[in-house]
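Keeping their order, the protein sequence lines are chains A and B.
Everything in the first sequence is counted per this note's numbering, starting at 1 for the first residue and increasing by one.
Everything in the second sequence is counted per this note's numbering, starting at 1001 for the first residue and increasing by one.
Hints were generated in silico from the structure; no laboratory data involved.
If you're wondering where the values come from, they're calculated on a predicted model, not measured in any experiment.
The C-beta atom is built at its ideal place from N, Cα and C for all residues, glycine as well.
Take every hint as true, because none was put in to throw you off.
Here are some, though not all, of the chain B residues that point toward chain A, as calculated from beta-carbon distances under 8 Å:
| hint | residue |
| --- | --- |
| 1 | ASP1126 |
| 2 | THR1151 |
| 3 | THR1217 |
As a list, the in silico SDA-like pairs of lysine to any residue whose alpha-carbon atoms are at most 25 Å apart:
| hint | chain 1 | residue 1 | chain 2 | residue 2 |
| --- | --- | --- | --- | --- |
| 4 | A | LYS186 | B | VAL1043 |
| 5 | B | LYS1253 | A | PRO123 |
| 6 | A | LYS186 | B | CYS1119 |
| 7 | B | LYS1190 | A | PRO123 |
| 8 | B | LYS1186 | A | PHE48 |
| 9 | B | LYS1186 | A | GLY15 |
| 10 | B | LYS1186 | A | SER18 |
| 11 | A | LYS186 | B | VAL1051 |
| 12 | A | LYS210 | B | PRO1125 |
| 13 | A | LYS186 | B | ASN1078 |
| 14 | B | LYS1201 | A | LEU255 |
| 15 | A | LYS259 | B | PRO1212 |
Number of protein chains: 2
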Amino acid sequence: MTANATRLRIILDWGTTSFRALLVAPDGTVQDSIETEMGIHSVKDGDFLGVLQRAIAPWRTAHGLLPVYAAGMIGSRNGWIEMPYVPAPARAEDLAAQVKIVPLPDGGTITFLPGLTDCSAHPFPDVMRGEETQLVGLGLERDITVVLPGTHAKWVRIAGGRIVAFQTLVTGEIFGTLSRHSFLAKVARKPAMPDWDAFLKGVALVRDDKRPAGLLTHLFAVRTGWLSGGLVPEQMTDYLSGLVVASEFQEAKALEWFKDGERIAVVGDDDLVEVYERVAGAFGLSLEPAPEDAAVRGCLIIARIAEERYPTVLAGADRQRRA
Amino acid sequence: MTANATRLRIILDWGTTSFRALLVAPDGTVQDSIETEMGIHSVKDGDFLGVLQRAIAPWRTAHGLLPVYAAGMIGSRNGWIEMPYVPAPARAEDLAAQVKIVPLPDGGTITFLPGLTDCSAHPFPDVMRGEETQLVGLGLERDITVVLPGTHAKWVRIAGGRIVAFQTLVTGEIFGTLSRHSFLAKVARKPAMPDWDAFLKGVALVRDDKRPAGLLTHLFAVRTGWLSGGLVPEQMTDYLSGLVVASEFQEAKALEWFKDGERIAVVGDDDLVEVYERVAGAFGLSLEPAPEDAAVRGCLIIARIAEERYPTVLAGADRQRRA
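The task is simple: from the sequences and hints, build the whole structure.
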């Protein structure tokens, strides 16, 4: 058995508000995980190294200097180091070619994965960090449009084994700031379970409006619905959610990210996937299955390519454990 | 000289976050004003009466039981009393016919002005509270489109001496919540003076985009502009402002609230008027002059009509002082 076939790896999901480390077997099985609130914004004096070492110390004691991999915001301007963006169109190999391996004081390594940029975007190049790894985990073999829900949702075209082009829509940010801070949603009450009827009414408002109305117009319906008795406080948040995500689909359709009746994939690992799948259905789209652990899968694929490319450095931790 | 010609009136501008009382002469001159932070949300146990009486006590000592008038949010569901909405199309007389005169314990009165509703709006009736008074103050004689900037901006059609129809766009709410709470604007720094160049770049992004892109797409340019070096932190807030207000104009144009080269009026009393006038100019519109004190003028006009209609009740305070 080669080292590669038995090796455990540590994969980090280190965002602005949370820290998560996964102990991952070669087949992608998560053997253990650690989750703390030490997101990038909570790390004092840039001591990312200290936070990491304390978190993974038990695994290192048990398993030696396991290689660490990190995609996403920890490799951004406000994170540990600022990683470059690989220009689209890009294959998994193009991403692996731009990893940065940083030696750790104890002899281990942390390997940062690059982001992705679409320089054809208007008026500034579009960017993603982390989603490119999820896309690799989904697989780049099929030609398909993919949407990745989130604070800054991404619509992506995969074709010919590459991530060809993508575009960001700030849907999650609009929903989040409005539901937490706006007058619109001031009287809203969160129901125990999502109110899918209210949600679909919000979707229908946008999808079925024959007028060329936009988001600034539609949003006021959250308030006038409440004032007129058309919505009760328990319905307002889900109505807002349906309205905003449907607006994303409407913009994506106008910009030809999808056509009527097409098949798309929704990639993510939280409740937003169901939200997006329901809106996709309401827009007449069918769904390609997508794994929940696309981020881990993608990170492993890129890690393996990088390890073949830089065998001496990245096998170091492994060799040391066996020595 | 009649009582009406010499009478002082108190006009309230009592919103969710601030309280303002104006002592107004018959010609509309503001003789004195009181401003506190006792907005509707700060009033404990619904004691609006107490807040009002304490605020205007010095004026009453000096001038007797002056009649008090109040338009806007103090007459809403979360305010002192919930006033009805007069359906558009409506004249000043229609608004005056729906005032509600509430006697005060000391023998004076407070008169609440109604709001306005447009029942033709989709999917729920649209509403305004306070802006209808500004429109009366602007004057309903000219046929013209009017925009009233604000948290919930209003586009209004005035024709045949009436407020015919209107529509709300939640521009101010989007700008406010995003500039204060979003990742988009996290690194933005407020410049000492507005950066009108950055502002106009935000306007141009929306106005000149040949794609059918919407707000969710355009907004991410605030972040990618910063990431790519196209915007510095001091430019981001004004770029966001230009982008969002231009999106309002784009939606208003698509919905035929104005046509190329038309003349519109921008009505308001704060810095937003300049912002909107600049965007109107960028969209090729010319501007009808509008008074800054439209709210006071409108309130006086409606007050006089109401006083002719209800002379006994509304002259009561006046008579008592002279007795």
